Amino acid sequence: MGEAPNTERDAQNADARQRWRLALPAVTIIMVFSILPLIVVVLYSVLTPGDYGNVRWVFSTEGWFSVLFERDIFDDTLSLSDAHLTILARSVGLSLLTTALTLIFGVPTAWFIATRPPAARAFWLFLVTIPFWTNLLVRTIAVQEMIRSEGVFNRLFLWLGLIDQPIQMMFTNFAVLLGMAYVFLPLMVLPVFAAVEKFDFRLAEAGYDLYASRLFCLRKVILPLVRPGIIAGSILVFVPSLGAYVTPRIMGGGKSMMLGNLIEMQFGQGRNWPLGAALSITLTLLVLIALIYYTRLTSGRQGRSHG
Amino acid sequence: MAERAFNIRRLPGVATLAIGCFVILYIPMVILVGNSFNAGKVIGHWEGVSLHWYVAALHNEAFLAAAQTSLLLATLAALIATITATMAALATTRAADFRGQGAIHLIVNQPLMVPEIVLAIALLIILAQVKQATGYTGLGYLIAAHTTFCIPFAYMPIRARLEGMDLSLETAAADLYASRFYTFRRVTLPLLAPGILAGFMLAFVVSLDDVVMSDFLKSPGQETLPTYLMGELRRNLTSEIYAISSLLLLISVLIVAGSWAATRKKA
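As you go down the protein sequences, you meet chains A and B in turn.
Under the numbering used here, the residues of the first sequence are numbered 1 to 307, in order.
Under the numbering used here, the residues of the second sequence are numbered 1001 to 1267, in order.
Since the hints were made in silico from the structure, they are not lab data.
Please note that a few of the clues may not be correct.
Unchecked claim - Here are some chain B residues the structure puts well away from chain A; computed CB gaps all over 10 Å: (1) R1099; (2) Y1182; (3) T1188; (4) P1194; (5) R1235.
Stated by the list, open to error - Simulated coverage check for chain A against chain B, where a stretch passes if three residues somewhere in it have a Cβ under 8 Å from a Cβ of chain B: (6) 33-39; (7) 104-115; (8) 136-143; (9) 154-161; (10) 253-264.
What the hints assert, rightly or not - Examples of chain B residues lying across from chain A (beta carbon under 8 Å, computed): (11) L1090; (12) G1102; (13) I1143; (14) T1147; (15) D1209; (16) L1249.
It should be emphasised that the depicted structure is a prediction, and the values quoted were computed from it without experimental measurement.
Note that CB positions come from ideal geometry on N, CA and C, so glycine has one too.
Put together the whole structure using the sequences plus the hints.
Printed below as a string of structure tokens:
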């Protein structure tokens, strides 16, 4: 063979090596402080719990069993763990409801902002970005103030004479849902806005000119073009909801725990590190399933529009 | 005909829902700030307007120490994350596909794909042992953890900027016999600067916002602003919490307004 292909390949290899060197610091940091620790979590999930937290280096599948089952102390029979199943179902259910709630409020809001004249659009967008950049804990405290026993709603209802004594709204599923929908709402508005802004309204007008009904136009012209934004917004809300820790902790307390809080308990008072590790992997897998579903939805769509 | 006057941009009910959405977003925050001016100690019992709790917060040693830790931590983590993310973005853009390109991209984004609580637990397992073995209880653990989850946030805008950049200016510089380093410093870097700035700010805010990582990995006595606030929330609900929250809110408003002004000037 001639020399030319070789030198070209050498140059390519040299370029690739140089690029790897450039990326090395970032890659090393993430390998050491994220990927390696996650591998340790996988390992810990198949060990035996130690007496005071930590683990003993004895192989055991008990941690994984305990994710869904509990063993009777007396006769060793297995039964489904109601407590864990409730928390698992609550995590998925509340995350889906949070996504639905942010869709109901977020999509019209994004539509509204995108259809303003440019100057007004910048103003409304600014109003969405402020809560987006505000500390999540601060925003959770703000919602808490609304529904506390002595909070805004209860005092308002008492003053109006609608109720005789405060309604207990905190530490319920409702409180967690309200808190999560409030803190994650901007995550829905921004991607949907980006999609609607790109929408060419002449397409919808063309639909009208051809006597399409409003609903038909919405369904057949607008929705397909805005769909990527809606899907992106849904995943941006669903994924952090599923792994939420701070908001359910403040709004739900010990009564309405989510998966994140259950995991934390295993490394605190509960002290069952292998179970905590197995739960962590379960949560991560749920998130990965959602992400894979998301990529398949979006890449499938692109395939169709090109075809 | 009524149907002809109908404007597609104004779907029925949209404006109502949107305005409702803004009201819902802002009422809790307005009430929070309002409560911070309450003269009384017990929240919810209005005793007149006063700056008392802001003064109290600014004289509170624990709060000031936490603020200092938070700013130092966010600055260092964002700085390291931005530098390494810029290098990684330069490595993964503007080239023919090379072996491992996808792998680098995936690794750099990996912290985004795992829930924060899981990452915090994973790091706790390892770093607790390092802490025990070395006896070091400084800020290093938090800097490492924050840098890790800040890298993908810094990487996103920098990479986006690089992908949108015109290669011809750099080619022109090279044609004029500029060295690779000179070209990078005088052509690439200035063009990339807005992306780097956006990446730094995003990383800075994400670090400042973090509760979970810091709460799990901090050494005894160490507090960041959010963990201090979380602790106060657990211990005693006084109006000072609202003053501190309002100060944090003010920081976000300043950052958003600042970046808004910066991008507007350029446009």
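Provide an ascending list of the numbers of those earlier hints which the structure does not satisfy.
Hint check: 1, 9, 12 and 13 fail, others pass.
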